[in-house]
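Protein chains in written order, with the numbering used here: chain E, 1 to 429; chain X, 430 to 933.
Since the hints were made in silico from the structure, they are not lab data.
Note that the structure is predicted; figures quoted are calculated from it, not measured.
Any given hint could be a false lead.
[As the list claims (entries may be wrong)] With the Cβ distance kept under 7 Å, some of the chain X side facing chain E (calculated, not the full set):
hint : residue
1    : Ile518
2    : Glu647
3    : Val653
[Claimed, not checked] From chain E, some residues computed to sit far from chain X (all C-beta separations above 12 Å):
hint : residue
4    : His68
5    : Thr157
6    : Asp159
7    : Leu171
8    : Ile227
9    : Gly243
10   : Gly285
11   : Ala292
12   : Arg370
Glycine is no exception: its CB is placed at the ideal position from the N, C-alpha and C atoms.
Each chain is listed here by its residues.
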Amino acid sequence: MHLTRRNFLKLSGLTALAGVMDRPAWMPRMAFRPAAGGPAGDILICIFLRGAMDGLNAIVPHAETRYHDLRPTIRIPDPDQANGAIDLDGFFGLHPALEPLKDIYAEGDLAFIHASGSPDPSRSHFDAQDFMERGVPGNKTISSGWLARHLASVGTTNDSPFRAVGMASILQTSLHGPVPAIALKSIADFHLNGNEQEIARVQQTLQSLYLGDNWLDQEGQQVFQAIDFLAQADPSQYEPQHGAEYGEDFFGLGLKQIAQIIRADMGLEVACIDLGGWDTHANQGSVEGAMAALLTELAAGLNAFYTDLQEEFHRITLVTMSEFGRRVQENASQGTDHGHGNVMFLMGGGVNGSRVYGDWPGLEEENLDRGDLAITTDYRTVLSEIVQKRLLNDHLAQVFPDFEQTPFLSLVQDRSPSLDYHQFLPRVG
Amino acid sequence: MPLTRREFFKAGGAAALTLGIACAGGKGTQARTPRPVIRWRGSAATVPIDPELHLLRRASFGPTRAELARVRRMGIEAWLDEQLDPDTIDDSAVEDRIARRYETLGMDPPELQALDDFIRIRRELVGATVERAVYSRRQLFQVMVDYWSNHFSVYWGDGPVRIMKTVEDRDVMRTYAMTTFRQILGADAHSPAMLLYLDNARSSAEAPNENYAREIMELHTLGVEGGYTEQDVKELARILTGWTVDRRTGTFTFAARRHDWEAKTLLGRTFPADRGLEEGEEALDLLAQHPSTSRYVAHRLCVRFVADDPPEGVVNAAAQTFRDTDGNIPATLRTIFTHADFQASVGQKLRRPFDYVAAAARTLEIPNASGNTLARALRLLDQSLFDWPTPDGYPDDAASWINTNALLARWNIALALAEGRARGVSIPWTTFRAELGDSPTAEETLDFFIDLVLHHAIDSDDRAQLLAYLTHDGQGFDINDPEHARRVPELVALLLASPYFQWR
Numbered sequence: 001m002h003l004t005r006r007n008f009l010k011l012s013g014l015t016a017l018a019g020v021m022d023r024p025a026w027m028p029r030m031a032f033r034p035a036a037g038g039p040a041g042d043i044l045i046c047i048f049l050r051g052a053m054d055g056l057n058a059i060v061p062h063a064e065t066r067y068h069d070l071r072p073t074i075r076i077p078d079p080d081q082a083n084g085a086i087d088l089d090g091f092f093g094l095h096p097a098l099e100p101l102k103d104i105y106a107e108g109d110l111a112f113i114h115a116s117g118s119p120d121p122s123r124s125h126f127d128a129q130d131f132m133e134r135g136v137p138g139n140k141t142i143s144s145g146w147l148a149r150h151l152a153s154v155g156t157t158n159d160s161p162f163r164a165v166g167m168a169s170i171l172q173t174s175l176h177g178p179v180p181a182i183a184l185k186s187i188a189d190f191h192l193n194g195n196e197q198e199i200a201r202v203q204q205t206l207q208s209l210y211l212g213d214n215w216l217d218q219e220g221q222q223v224f225q226a227i228d229f230l231a232q233a234d235p236s237q238y239e240p241q242h243g244a245e246y247g248e249d250f251f252g253l254g255l256k257q258i259a260q261i262i263r264a265d266m267g268l269e270v271a272c273i274d275l276g277g278w279d280t281h282a283n284q285g286s287v288e289g290a291m292a293a294l295l296t297e298l299a300a301g302l303n304a305f306y307t308d309l310q311e312e313f314h315r316i317t318l319v320t321m322s323e324f325g326r327r328v329q330e331n332a333s334q335g336t337d338h339g340h341g342n343v344m345f346l347m348g349g350g351v352n353g354s355r356v357y358g359d360w361p362g363l364e365e366e367n368l369d370r371g372d373l374a375i376t377t378d379y380r381t382v383l384s385e386i387v388q389k390r391l392l393n394d395h396l397a398q399v400f401p402d403f404e405q406t407p408f409l410s411l412v413q414d415r416s417p418s419l420d421y422h423q424f425l426p427r428v429g
Numbered sequence: 430m431p432l433t434r435r436e437f438f439k440a441g442g443a444a445a446l447t448l449g450i451a452c453a454g455g456k457g458t459q460a461r462t463p464r465p466v467i468r469w470r471g472s473a474a475t476v477p478i479d480p481e482l483h484l485l486r487r488a489s490f491g492p493t494r495a496e497l498a499r500v501r502r503m504g505i506e507a508w509l510d511e512q513l514d515p516d517t518i519d520d521s522a523v524e525d526r527i528a529r530r531y532e533t534l535g536m537d538p539p540e541l542q543a544l545d546d547f548i549r550i551r552r553e554l555v556g557a558t559v560e561r562a563v564y565s566r567r568q569l570f571q572v573m574v575d576y577w578s579n580h581f582s583v584y585w586g587d588g589p590v591r592i593m594k595t596v597e598d599r600d601v602m603r604t605y606a607m608t609t610f611r612q613i614l615g616a617d618a619h620s621p622a623m624l625l626y627l628d629n630a631r632s633s634a635e636a637p638n639e640n641y642a643r644e645i646m647e648l649h650t651l652g653v654e655g656g657y658t659e660q661d662v663k664e665l666a667r668i669l670t671g672w673t674v675d676r677r678t679g680t681f682t683f684a685a686r687r688h689d690w691e692a693k694t695l696l697g698r699t700f701p702a703d704r705g706l707e708e709g710e711e712a713l714d715l716l717a718q719h720p721s722t723s724r725y726v727a728h729r730l731c732v733r734f735v736a737d738d739p740p741e742g743v744v745n746a747a748a749q750t751f752r753d754t755d756g757n758i759p760a761t762l763r764t765i766f767t768h769a770d771f772q773a774s775v776g777q778k779l780r781r782p783f784d785y786v787a788a789a790a791r792t793l794e795i796p797n798a799s800g801n802t803l804a805r806a807l808r809l810l811d812q813s814l815f816d817w818p819t820p821d822g823y824p825d826d827a828a829s830w831i832n833t834n835a836l837l838a839r840w841n842i843a844l845a846l847a848e849g850r851a852r853g854v855s856i857p858w859t860t861f862r863a864e865l866g867d868s869p870t871a872e873e874t875l876d877f878f879i880d881l882v883l884h885h886a887i888d889s890d891d892r893a894q895l896l897a898y899l900t901h902d903g904q905g906f907d908i909n910d911p912e913h914a915r916r917v918p919e920l921v922a923l924l925l926a927s928p929y930f931q932w933r
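Input sequences plus hints: build the corresponding full structure.
This is the structure we're talking about:
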């Protein structure tokens, strides 16, 4: 029998309690838990697809004739044709390279929000990414990132230095702000390397040089905190479970390490990871080719993460975004130029999945926004619903200032605070 | 009584802390100043006010004892005069050595193609670039070559750029780094590396590709807020159709049959029909002379040389010089380096990875360091040369690349260098040992290396910590005892890893 997450939970009898009360043999003992408890709500994984993913060739509107007309060489064939899209709902289909997501979608843990994105008209990658990550399209005066503002405004007692992690050598802009975040590339290499007889003293001395109140010194103190914390929690001991296979690419390894941090119970609330290279102006390919290779990497990573963490997924929400979409009409270089509307992926135990959300604007000339897919769902509407219902933060006006909220799309279930099992357990001693 | 760094923070640093809190907490969303400036006030306490040292930290790849003595002797004005006119500086020692060792640097595209060894092509270009940064006497020139390589950034990993970057580095960056902005802009627009990287080479009247046209205006000239529209992007793309690369020679060519000969309108100016290459040149003239360009380039230079969020005064002055001199690069630089805002900007820049690695090799007076070994350190810091995939170049503001991962990597690089674990990069310990005399005390040893690495005195608490390390908490230090002597490389690593050495 194919073991899906829900089946697994059914088999083990209880939902959230299962892992805690009857620890299966494969589940390592928890080595460490932050003193002040973990996140209030879900752990959020934010994936930024840098370079502007072509949403129309990822989640394909195969029932649109115009889609096929405007993309003669790069279109994905219809579902009933060879190498065709994998139909989702009779209208949209998955790019064949996203096949590893098919079961997660069917299982109800994956949804898509099409014709979504940032309303700012900028077609500059840098501006659009920056606006999107700061959560304030068009506004250049607010310097902090939306995730940092969420971390600052959510009610929490979590004081772990690992509340926010960017799996990157450059910390994502969305994490820039008042709450310190860790930029981490490799857990295994995160320590000082030097002459063994001297290294302890060297580390102690170096730490004493980074005691100032300025930004650099604070950053330095954070490194020492992180080194200590990683040494205690030792997330590397957690191997992928359930046969999950992460790729050796940076994206796969990054997700694997996020999974390890989650298993090590280090108080993680938000993790960011990027997958870049989507700027397919030329030779984008169709069923195969440059974009298909990226989709393969994306799908393999998401599938491994989902498989690995199936018993944790009740407290995980994962969302993807990209700075803008790509033009509906392919260009003469068998690629696509900068466009507007795109698609977001939303995955998690609390997701109302198996659906493609969004008010589809259509691809007829009069429906387009200057030749591009129009945006009918502001990406902040999606994120706001996650922030409120899954991350349990009601301060949406602080997370997304100058955004006038519109009704949620019922993308996710309200996360019940009663998942805290402590209240069900008798007091002992 | 001199204020120690910690006392400084107790007193004056309080202001910085208050600002930090004001931007945190519930009102964080209303913070109006860019983040790094808020958070690192107080750094001036770790970096002394010393105009010559300040100049060398900013306008070169890092001070050395010899260069600092030289600029003190000749004066800032004279040093700038010399550096802004690099052809007058004899650099044959380093250039001859590089020409001997790195043959591919002089090759033309067909030769490079025939070589069919892009690993070697890259190794030689990167090795030479690092060695020039470390050893060239034309320090400001090398700094500007690096600046323009990021201003007009191409990504080495992008197909044919693997070959063409070598040509571009030689024929664009090193040929025009100290000329006028219009000249380097024009040379770049004729550069196969750029035309291939941003797809203009494949653009045609039937299928114009907007990529390069957009980035010229957004990243090279006007800046994203410089007052152009999406329509201007499309028009400039049409104007530049036909600017491509000759398949046979691998050099620039204008392909008349790919060009769009219809009329266009760019930034309000009409470009009449039936004009070929010359309308592209006219468009570049228009962009180079546009007031937005003077401000954009001046601002970007000031971000490199003054502060991550540079004061209006120096930006305006540099933009004015830029306009007055038709974009003369040395004149614009002179305005920046002699401006009061520059003098006042001590402690407001951090060393980028390339600055950090080159400055370490320079200050430790390492002879004949292997450029490629040092380049591997840059890879650990995620700023391998010519390896930034997007056309905006490596970011110049520290907040973009100082983080936990990057700081730890710097410390580990310091340890690897000092402990002699970097092949082909040897610290001249024997020379230093001789300079120290027969049996220097712990304090003499410490002060010698503080001066060697940092060129200035440090906070007394920090000095005490380093002394405690050297003597293992007062147990003593005898440099002639091998057990003790192995602490010396660690001391050098600590200095390179300290906050002091991160400031530029």
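Outcome of the hint check:
1. Ile518: violated, 34 Å
2. Glu647: It holds, given that the least Cβ distance between Glu647 (chain X) and chain E is near 5 Å, below 7 Å.
3. Val653: holds, 5 Å
4. His68: Consistent with the label, His68 (chain E) stays out of reach of chain X, its closest Cβ about 20 Å off (over 12 Å).
5. Thr157: holds, 16 Å
6. Asp159: holds, 14 Å
7. Leu171: Leu171 (chain E) not clear of chain X: closest Cβ-Cβ about 4 Å, inside 12 Å.
8. Ile227: violated, 8 Å
9. Gly243: holds, 30 Å
10. Gly285: For Gly285 (chain E), whose nearest Cβ neighbour in chain X is about 15 Å away, the distance exceeds 12 Å, so it holds.
11. Ala292: holds, 18 Å
12. Arg370: violated, 7 Å
Checked against the numbered hints above, the structure violates hints 1, 7, 8, 12; every other hint is satisfied.
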